[in-house]
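> Here is what each chain is made of, one letter per residue.
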Amino acid sequence: MSRAPVQTRTETRPAIVSPYGTIGPFFPFAFVDDANDLTEFEGRKAMGQHIWLAGTVVEEGNVPTGNTLLELWQPDTNGIFRHPLDPRHADADPGFFGFGRARTDRQGFYRFRTVLPGQSREPDGTIRTAHANLTILAIGLTRRLVTTIFFSDQPETADDPVLRCVPQSARPRLFARKDNALAASGLPGYRFDVVLRGAGETPFFVD
Amino acid sequence: MLIHFETEASPGVRQYLPYDDRTQTLRQIKDYPRSFTRVPAQPLIDRPLTLSELTGPTEIERRLPTGNADFSCLVPGGPRALGQFMTVAGRITDEDGAPLAGALIEIWQANASGKYIHEYDSHQAPLDPNFIGQGRFLTDAEGGYQFRTIKPGGYPVGSNDWWWRPPHIHFSIFGMSWMDRFITQIFFPGEPLNEADLLLNGIPDPEARQRVMFEPLPTKVTKTLNILEFRRDFVLRGKSKTPELL
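These protein sequence lines are chains C and S, in that order.
Quick note on numbering: the first sequence equals residues 1 to 207 in this note's numbering.
Quick note on numbering: the second sequence equals residues 1 to 246 in this note's numbering.
Certain hints may be false.
Claimed, not checked - Have a look at the derived ranges for each label pair, beta carbon to beta carbon:
id, chain 1, residue 1, chain 2, residue 2, range
1, S, P204, C, T126, 36 to 44 Å
2, C, A90, S, G67, 27 to 35 Å
3, S, P65, C, R106, 26 to 34 Å
4, S, T66, C, R44, 16 to 24 Å
5, S, T224, C, R44, 25 to 33 Å
6, C, G43, S, A89, 32 to 40 Å
7, S, K223, C, I16, 45 to 53 Å
Claimed, not checked - A few chain S residues facing chain C, derived, Cβ under 10 Å:
id, residue
8, D46
9, R165
10, G238
11, S240
Everything labelled a hint here was simulated from the structure, so no lab data went into it.
Computed from a predicted structure; not experimentally measured.
Cβ coordinates follow ideal geometry from the N, Cα and C atoms, glycine included.
So here's chain C without its partners, still in its complex pose (with noise of 0.2 Å):
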């Protein structure tokens, strides 16, 4: 039997890595729902700021997409992971898990009530600029979307090593910005649009 030489490079050796495949249209609402509330965790309440973070999710063509599944995973109000990689997570806040979900409705929206992040310490000393991790699934996309949202308050030109990858003119749109037309309940919200494909498309990263 005579096959082509298979290419041995480490980063390319063919896997066994199972293939990703869509989520498609029917993800149970019941595994979304009331997992967009970031702010309470086993019955206490995060500290820090709490915000909303909210905005819209297009396709090409600015159409609205519906029926996304977005998925955030962040840092608390002092910058700590709940995960033991991070040095200080001895210290996280218990009122906050990190994780949470949102779905889009028909007009593309999504929300999410969570908490400011604060800045993350990588174990070398390394500052990562306050920010949090998004992921989008939807049908269409037979592989997840990553991106890092970051928040106004920080400036857009942030020493992040992140950013940093991102070029310059596309940075502004890694940014959530105070939006009061979202503020609800008390809460100062942000608003991070989400341009799948087309003009202003969100810079997404490897994956």
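Mind docking chain S on chain C? Use the hints.
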């Protein structure tokens, strides 16, 4: 891809390489329209992996509560849903073959008539009062999982008659970190609809395609039940150690 800090200094840091496209589903699939309006046109940006990406929710069942793993009836011992009773078992490992214990699995699927319990499912097929078809559970210490259910039916996409989805079950898995969050759908071998399915055949590599197929085990026949048994293992991205430099 850069790892932002030394692995020696931080034991437990895992290595995540980008998905190898050759083992994955195409990002855009001909005749799958949304893939042309939703997949970004700009190239994806490479960036270092920091704590933020290398961590992720732990004990996620404290946020997303688990239930039982028998979807074939509403309550244990209650009337069974219509359709062919079946079981699925498997194991979740990382790229080193190390088991992922405590991984959260979410399952959702159509009933035997090809109908989902979902506001957006417009298929003219009946719901089954004894079938929910969704649930969550955790892998055990060896990364193993199992659940019981009813074999799902195929169904047309939207109001189209030109694309019928073959029977399949959706899996959503929370692995060790933000990097190995995983979603896929698993198909049944030998289904005629498999031949024409855009999503299944959107995996160009035949070997990779096998990794989204249930492996049939011999059907179990008891005095009261005829049980289809299937197996499906998953390998999530991620390695626990740095490869030796040659």
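> Now, for every hint given, state plainly whether the structure supports it.
Okay, the hints, checked on the actual structure:
1. S:P204 x C:T126: 36 to 44 Å: Given a distance of about 39 Å, which is inside 36 to 44 Å, the answer is holds.
2. C:A90 x S:G67: 27 to 35 Å: 31 Å, holds
3. S:P65 x C:R106: 26 to 34 Å: 28 Å, holds
4. S:T66 x C:R44: 16 to 24 Å: For T66 of chain S and R44 of chain C the Cβ distance comes to about 21 Å; the hint holds.
5. S:T224 x C:R44: 25 to 33 Å: 48 Å, violated
6. C:G43 x S:A89: 32 to 40 Å: 36 Å, holds
7. S:K223 x C:I16: 45 to 53 Å: 40 Å, violated
8. D46: Where the cut-off is 10 Å and the nearest Cβ of chain C is about 5 Å from D46 of chain S, the hint holds.
9. R165: Holds - the Cβ of R165 of chain S comes within 10 Å of chain C, reaching about 9 Å at its closest.
10. G238: 9 Å, holds
11. S240: 13 Å, violated
Comparing the model with each numbered hint stated earlier shows that hints 5, 7, 11 do not hold.
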